[in-house]
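One line per chain: the protein sequences are A and B, in this order. Numbered according to the working numbering, the first sequence terminates at residue 377, and the numbering increases by one at each position without gaps. Numbered according to the working numbering, the second sequence terminates at residue 639, and the numbering increases by one at each position without gaps.
Quick caveat, the hints were computed from the structure, so don't treat them as lab data. Do not rely on the hints blindly, as some may be mistaken.
[Said to hold, decoys possible] Straight line, CA to CA, 27 Å or less: simulated DSS-like cross-link-like pairs of lysine-lysine:
(1) Lys-521/B <-> Lys-70/A
(2) Lys-618/B <-> Lys-411/B
(3) Lys-4/A <-> Lys-70/A
(4) Lys-49/A <-> Lys-70/A
(5) Lys-92/A <-> Lys-49/A
(6) Lys-521/B <-> Lys-92/A
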Amino acid sequence: MQSKSLTISYLTDNSVEISLSGDWCLTCEVVTWQSFQAQFEQYPESPEKIDFVSSDLENWDSKLLLFLVKLDAYAQSRHIPVNWDGLPDGAKGLLRLATEVPERSGARRRTRTRSLVYRLGTWAMGGVEELTGLATFLGEWLLSIGRFFTGRASFRWVDFNRFLQAAGAGALPIVGVISLLVGAVLAFVGAVQLQMFGAQIYVADLVGLGVVREMGAMMTAIIMAGRTGSAYAAQLGTMQVNEEIDALRTMGISPMDFLVLPRTLALILMLPLLCLWSDALGILGGLLVGVSILDITLLEYLQQTKEAITLTDIATGLIKSLIFAVVVSLSGCLRGLQSGRNSAAVGNATTSAMVTAILLIVIWDALTTIIFNRLGI
Amino acid sequence: MADAAQVEIGNRSGLAHIEVRGMTMAYGDFLIQKDLNFTINRGDIFIIMGGSGCGKSTLLRHLVGLHPPAAGEVLYQGSSFWQLAPNERNVLMRRMGVLYQGGALWTSMTLAENIALPLEEYTSLMPTEVNELVSYKLALVGLKGFEDYYPSEISGGMQKRAALARAMALDPETLFFDEPSAGLDPVSARLLDDLIIELRDSLGATIVIVTHELASIFAVGNNSVFLDAESKTMISEGDPKRLLAESDNPIVRKFLTRGEEG
């Protein structure tokens, strides 16, 4: 019956007196609710009221309040009136605050388990919604392009120039380094095989064609998806959080014209140029390996490359990169605009923009390779 | 000894809880305020006031230890914040609760998770106890039952109250409020003022408020400092009601009478 922190006494007038003593703080050991309840219920009859004595109570904090809130609910459920007067003023005040505002009905959430059919249906409807969103976005973007060419779309050219700078010159170093290294690696791997036949001069063909037709466009697109596409998603997502996009809409400015158009145009202009830059550096990487390791002279390598690559090959790569630019910039902007209004949603938008872009890049690359092959280009 | 906590506050009231000595605040070469000297006593509701852009919020950020002063020092119960070792500083910061201007709730977490985080980090409570505490703290600010809501799903006023519940999670000795009533309707602002007084009385906490809402200043404040943007220093201090009655500084008079005098 006795406890260091709490004593229950049954008085002759059929009331119960609870004496609190010692420290009641979050880090202290006090009587648990279960053992209090067990002690309290040892008394066979329901008491007529509960009183408090707190003269031996020392330090207290939220721990005491937790106990009092529970006791309040318990006493109410058993219809026992409680006289809180014996408590410290501060505790009485806090208890009043905590019990003053009743819980709003219907506020609390219940987790409901749904049937498999329900979940499958929700998932399918989500998929349809996603596709509709994509189609609507693409349609709106095409309309916006139309407005741009008829001079009715308005955006700030200053912004456009900034995007050009960021998606163009700003990306030269990273695209350059990666292309150079990939070109070199390609030459190295090819050389090992070709040397077995004494055909190492064909490393120039391998690297040249590989880089110009495939790798240049694809690498640039993936780098730009990580570098610029995700930046677009993060920028627009943050604007969504700050209600900046709503502010544009209410002023009658189309976010599509004002935000999406300059970003996509900048990337569409710059990605093919970056692709050419990547082609050149990829070939340079192959050349460095060829000349330094494979005993091919500089002139031989260049001559071989020149004969291997035609303008059609370069055009193939450029056409791909043009489509990649649309894919990367649109998925960045789409996910940014779809972002929710919190910091986690911006992160999700960025991730989702990257995943969408890379997936579409690879699918599109496979498709075009097959198409070009069929057409004999 | 009917009331241990209250008596303790009573004994200590009048003691300097926070003391600012010769503090200068600056961002790089850009001076914000200089020569700040004032004392916040235990149990005070201390108002930092002044016109827009005078450095009120910056002063608050200096008081909670987010920025080191460019010169001078801030003393907590006699020890200088920036001369303490980093881990001692952390312990000190844990005894403060801050309500930021926009609430600054972590948006990817529910209200319950927001409040539970400091409890899980700094106490060894059992999960059930943490949940009970979270419900109690939310009940204190009138948000019982909203545990599983995300900040974006509730109104601005509710976000502020939830942020207050988070600030109180660790039963802090000092609560800092940055513009608590900004963006609230008059009734909610009034309720928040009442809550602040109630919390000071019940928790025995010291409360520091940055605000320029005159109604709040007179309703809750019992001590204050007035920062001036022109001279870049404090030009007045003391009970705001006394300042209104007695101050002969034209800038202070103009501020406290909404431009009607001074």
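Right, here's what the structure says about each hint:
1. Lys-521/B <-> Lys-70/A: Holds: Lys-521/B and Lys-70/A sit about 14 Å apart, inside 27 Å.
2. Lys-618/B <-> Lys-411/B: Holds - the C-alpha atoms of Lys-411/B and Lys-618/B are around 25 Å apart, at most 27 Å.
3. Lys-4/A <-> Lys-70/A: With Cα atoms ~19 Å apart, Lys-4/A and Lys-70/A stay inside 27 Å; holds.
4. Lys-49/A <-> Lys-70/A: holds, 16 Å
5. Lys-92/A <-> Lys-49/A: holds, 17 Å
6. Lys-521/B <-> Lys-92/A: holds, 18 Å
Of the hints listed earlier, there is not a single one the structure fails to meet.
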